[in-house]
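J.: Below are the chains, spelled out letter by letter.
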Amino acid sequence: MRSSRRTRRAHLAAVAAIAAVAMTAAACGSSGKSGSSGALIASAPGITAKQILIGSHQPLTGVAAPGYDEIAPASNAYFQYVNAHGGIYGRKIVYRYLNDQYDPTITSTDVHQLVLQDNVYAIFNGLGTPTHLAVVKYLNSSKVPDVFVASGCECWNSPGSYPETFGWQLDYVREGKLLGNYVEQHFKGDKIGYFYQDDEFGQDGVKGLNYEIPKSQVVASESYNPAVTNVAPQVTALKAAGAQVVVAFSVPAFTALLRLNSLKLNFSPQLVVSDVGSDPITLAGLLESFAKQGGATVSGNALTQGIITDGYLPSLGDASNSWIKLFTKLRSQYLSKLPLDGNVAYGLAAAYTFVQAMFKAGRNPTRQDLINAINGGLPQGVSVAPYAYSPTNHNGITGGYMAVIKNGALSPVGPVQVTDISPTGSITTFAGSQPSAPASGIPSP
Amino acid sequence: MTLARHLAAALAAAAVIAALSVQLGSYRDYQMAEVAAYVVAVAGLTVLIGLSGQISIGHGAFMAVGGYGGALLLIHLNWPPELVFGGSVVIAALGGAVFGVAAARLRGPYLAGATLMLAVALPTVAGQYTGVFGGDQGLSVSISAPAFLGATFPPARWLAWVTCGTALIALVLLANLGRSRVGRNWRAVRDDEVAAALSGLNVARLQILAFVVSAACAGLGGALLAVVSGIVAPGAYTLTLSIGLLTAAVLGGLGSLLGAVWGSLVLVLVPSYLTNLAASHGLSGAASSSVPVAAYGVVLITVMLAFPAGIQGGLRRLFGPAAPATALPIKALRRRRSASAHQEEGTT
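As you go down the protein sequences, you meet chains R and Z in turn.
Using this note's numbering, the letters of the first sequence correspond one by one to residues 1 to 445.
Using this note's numbering, the letters of the second sequence correspond one by one to residues 446 to 793.
It is worth saying that the hints were derived from the structure and are not from the lab.
Just so you know, not all the hints are guaranteed correct.
What the hints assert, rightly or not - Only some residues are given here: those of chain Z computed to face chain R with a beta carbon under 8 Å:
hint: 1; residue: 468
hint: 2; residue: 472
hint: 3; residue: 583
hint: 4; residue: 585
hint: 5; residue: 676
hint: 6; residue: 683
Said to hold, decoys possible - Residues of chain R clear of chain Z, computed beta-carbon distances all greater than 10 Å:
hint: 7; residue: 137
hint: 8; residue: 245
hint: 9; residue: 319
hint: 10; residue: 429
Idealized CB from N, CA, C, for every residue including glycine.
Work out the full structure, taking the sequences as your base and the hints as a guide.
T.: See below:
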């Protein structure tokens, strides 16, 4: 009841705003859509003269919540910051994220509520591959912008069938290629084992790895099911195959299980872990709590020391980096309860990208204006490599740097490299450099 | 006569639903479709527990069977929706028959344990055969409104019509079954197995039949829910779903089909209402996501304290004629020796 009254009020406000603009337009004789002046109108569902309402589905409780439940509050913190400093052309962003518990049925309910009842302008950063796949068709048939999905699945890059959907983070195929290329160069002739999650995430990653690592070097390829926490058989198989390097496409909990099981079996290969499963702070916490459940005491930081991984956002250990300074400031102002870990950085960075896109979409944007803005390409900002966005490519960040975990932070060990998703596409060093963060912390329109 | 009465009630309900679906907004239509999908599954469960006296904590697994079965028929054979739903019913009924044979030998906590295992184990099968079931991502399912309704016809309204129509048909069939000889035999078995056997009833066969009917309903509910949510995936058929179905059946009133409707309404509307309420009172995302879970528990306890026979039982006590409460109180879950006051148990 409350909400329907609210919607009705929103409609009234919209009608009033349109009437006001019509009069202004009549008086001035012009009302440029993307000009720097002119009244703010309710140009699209979810947009009023005062605010932009966007929605998302996030795992706030349940199996996927630890760590990932920090992302949406972090994004919201950035929106609060933007709202406090002028908003988007004067409009405030209202970010409504609903808990889907990582259950696709609930995701579907949540997204229908956001689109049909709350009338959001766009869905932003919906988290998870299986969850978001439940709604991607619906969002595209309803012509609701579906931007910067929080998953590196290649499936979001399908402009023909999903024109409204855009990926954001470094996709798993590209990431697999970067990790594979590093392993191929630095561990020539060594026996290599794979440990991966048996779904699109792990499979895309392995696809990328196989583009780079010769088949003859791979001695074991072990997958795990995220619902089964016993990975001792996989680790035993990796050890039996004599793997000297283990490349893992795993979520943080399973990276920790891999590490602890190896420790128990006295098996110490060089670990190479995808960005998704290697956030040092999350990982150290999980290692310590899992060991405690098993009656042992370990130092999380000691166990993550030396893990090779990659990053596509500036390293959190680099305190002099302008972006990390901005993140540190935002965290202390708005997120004092959370550590500045990979998840918080992720949420802040995704929100920054959305604000970039909204400024580019213009003063009174329609939904299509946002899609056109991203299709036209976004300038590089918070990520170390440029975006792939074009009318025919809906992938996001195109590269990253290799790094080693040292004392609980990523320490870059090479230049930023970029690549594509094809089997033969070369991996090249990124010639440009990352722009520093704007002094205001807000992208310029 | 009974059939005519049930049909008349269903037609009246259909008219009300049609009017509501046009009056209310698209999101309400979507929620109606969701409720209808749950109603079918809960109705099957309430028949199983309330009429035949068997328990299942694993009905989510049969929803998964129906959902995946329907999705595969839709994707690979391109069957029209009505045939897909029929196919799901058959597939889930077969599953129910297989499991029912085992279930007929088990009693009380052992049966509960076996069904619990089913709910936990079955969804992981999807992860084992990723080529067929799509693994963790599942399979996407969608139906669209027929062309003659026009391009601007709201898809959510079409979903509501399809699911509510199917649910009404299922409810009419179940109501008649409950009133028939089979239904009376089930009650006899529920109230006293020994007496039923002495009267010449084949207890095991009746119990298996109840499981088949109940699984078929769960399968249909699963297929409807798949169409509504647009996906079948292991994450959608967790133990939480099975417990939710059981909760809805108990909350609505065991053995009562109208109770299944009340229970499903609570299952769908209360969490969504509480989340909105928490959010509109300025609670943060994390807090507003925990409040509904806690409040849901409170609602559950309150209803069970106030109406031990469920919502339908409570309504009858408040508004009905001065007849004995007809929906079963929760203690019916335990086997009882007395068969006295339940000859006239309704199924409506």
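J.: Look at each hint and say if it fits the structure.
T.: Here is what the structure says about each hint:
For the restraint placing residue 468(Z) at the interface with chain R, the shortest Cβ-Cβ distance is roughly 12 Å, beyond the 8 Å limit, so the hint is violated. Look at residue 472(Z): its Cβ gets to within about 4 Å of chain R, closer than 8 Å, so that hint holds up. A cut of 8 Å between beta carbons decides the hint on residue 583(Z): the least distance to chain R is about 6 Å, and the hint holds. For residue 585(Z), the shortest C-beta to C-beta distance to chain R is roughly 6 Å, which falls under 8 Å, so the interface hint holds.
Look at residue 676(Z): its Cβ gets to within about 4 Å of chain R, closer than 8 Å, so that hint holds up. The closest approach between the C-beta of residue 683(Z) and any C-beta of chain R is roughly 7 Å, which is under the 8 Å cut-off, so the hint is satisfied. Here residue 137(R) does not stay apart from chain Z, with its beta-carbon only about 6 Å from theirs, under the 10 Å limit. With a cut of 10 Å on Cβ distances, residue 245(R) stays outside the contact zone with chain Z, its closest approach being about 26 Å.
Against the 10 Å criterion, residue 319(R) stays outside the reach of chain Z, whose nearest CB is about 28 Å from its own CB. At roughly 34 Å from the closest C-beta of chain Z, the C-beta of residue 429(R) stays outside 10 Å, upholding its exclusion from the interface.
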